[in-house]
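Q: The hints should help you fit chain B onto chain A, whose structure is shown.
The listed protein sequences correspond, in order, to chains A and B. Quick note on the numbering used here: the first sequence kicks off at 1 and runs consecutively. Quick note on the numbering used here: the second sequence kicks off at 1001 and runs consecutively.
Watch out, some of these pointers could steer you wrong.
[As the list claims (entries may be wrong)] Selected chain B positions facing chain A (Cβ under 7 Å, derived; list incomplete): (1) A1143; (2) L1144; (3) V1148; (4) L1247; (5) G1250; (6) T1251; (7) V1257; (8) L1258; (9) R1261; (10) I1291; (11) I1294.
Keep in mind that the hints were calculated from the coordinates and are not lab data. Don't be surprised by glycine CBs; every beta carbon is placed ideally from N, CA and C.
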Amino acid sequence: MTIAISPKLKKSLTPLRIAALAFVGVIVVAMVFAPILSPYDPLAQDIVNKGLPIFSSGHILGTDELGRDVLSRIMFGARVELFIALGASTAAMILGTYLGIVGGFFGGIAETLTMRLIVDVVLAFPPIILALLAVTIYGPGPVTLIFVMGVLFAPTFARITYGQTISVKREEYVEAARAFGAKTPITLLKIILPNVSAPIIVQFSLTMAQAILLESGLSYLGLGVVPPEPSWGAMVAEGQRFMATNPMGLLVPSTVLVLTILSFGLLGDVLRNYLDPKAGK
Amino acid sequence: MTSFILRRFGLGALLTFLVLTLIFLALRLVPGDPVEMLLSSGNASASPEAIERMRSQLGLTGSLPAQYWNFLTGVLTGDLGNSIRTGDAVTQSIAQRLPRTLELVVFATIVSIGVGIPIGAWAGAKGRFVDTSVTVLTSIGLALPVYVVGTVLIAVFSLTFNIFPAGGFTSWSQDPARHVQMLVLPSLALSLGFTAIIAQMTRSAVLEMKGQDWVRTAKAFGHSPLTVFRRHVLRNSLTPVTTVIGLGFGTLLGSTVLIERVFNYPGMSSLLVDSVSNRDYAVVQGLVITIAMIFILINILVDIVYGILDPRVRQ
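Next comes chain A alone, as it looks inside the complex (with noise of 0.2 Å):
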């Protein structure tokens, strides 16, 4: 089976971009099947094999201070990470999507409430400040994650949404559709929201990005994903205690980490460049 590559989607390709796409693809892929492709379990400790260097024999790279295998802990560290990433960044572009062609289409009263009320006031903190108010509060854990980092980026869509929504409302296509009797709700699903979609979705894969960057932040801190369960945030933090002896250990998940979010920065560059007409001349 051949892909059919369009010219276009072809002349956004870089070999750098390709790389990242692959490398996105590597990740969902050891997400996806890191039951059945890591070589161990990723809680089980094995004193005896402690702090391996990488490519050991068994352990591709190395172990950790319990002897944990770290490339089972990476694989089933990028299910918990890409898990909280997809769900916030789903949450935060179906939120800031609504309260943006809400605000946009109707104005008055309801872009009060939406951006003002609602976009201006969250943007009114640091995020990751945000983020410690709702984990005191709720304790750490995925779903606490999920749910205020779904609150903590919606604005941004809500802005492009906003912004892209008051210039298609005027489009003769809205009006001809309004005249022909179609209803509110219609009216916005059907015809306004395909033709501001493009934006979204290219801030939808930078949205992953930083939600990684949050996650492990927090992680890393002890605040976000609780040990025992593996998370490259906390990776990077034990890497740390033990950087002295064993620098691998440091440098393994902090790589992946920073590839990751690398990867999904450039795919929102292409699909910046393959949605928008006007970019990439």
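A: Then chain B, alone, in the frame of chain A:
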């Protein structure tokens, strides 16, 4: 201009009020009993006396409107309650720790502006290879988590070369030289991402300004390329950059949460992290209020500076 400034401060006051309301509601809208939730750890449940004591400490007794009134008047008179754990006044702890964190943030901002603007301007002016390298480097800079950068700096500059201390804090009055020395690595780590943002913004602004009519006119008048660039391209490019700097200051304030942990720096953010770990809600709430207010104030100041630089936004 005066009315612009007044209006901006009025909006800021309104926003502050809304933010305070959100923080007030955050604890009270919890399904179930927030105090039980705060005191629960694992399966152990707290004694009824402890719950009652904490309820009154957090101002959760009385009717909701009365609680709200007490909360607002408390914040406005600078009374943020007492720590549940140590009993210290929250305002006092913040007063002691805030200057240290601000010092870090200001230091990092100066570094970021000093490095980011020239790099971005260079990339925008030169184009080609320089531009590509700067674009790639700034993308990487943005993807690096601050705590990873901090750790790498410690590994290189203190564990390997032993030039700077790996962390800690010495007050200015004790030993000024040591004080500055201890600021270097944390502010460098903090500034990397911010430098990347400023460089990217400067670059795209310069690229946009380069094609403007007035630049061509200035060239046609026979001004030297350097003068044209400095006076007509760069100056106009800096206006959008100020907005980014203002917004970035808030992000930087957030990043200190991670940096202070990496460098074991006893600032406001490490107090915040410790209090979150101990679920000391009074302290967390006080700190979140303080940080949000600083952030709002900075945004007002940025808007005013923007208004001074670009008269069109004043209307």
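Q: Indicate, hint by hint, whether the structure satisfies it.
A: Hints and how they fare:
no. : hint  : in the structure
1   : A1143 : holds, 4 Å
2   : L1144 : holds, 6 Å
3   : V1148 : holds, 5 Å
4   : L1247 : violated, 9 Å
5   : G1250 : holds, 5 Å
6   : T1251 : holds, 6 Å
7   : V1257 : holds, 5 Å
8   : L1258 : holds, 5 Å
9   : R1261 : holds, 6 Å
10  : I1291 : holds, 5 Å
11  : I1294 : violated, 10 Å
Hints 4, 11 from the earlier list are contradicted by this structure; the remaining hints agree with it.
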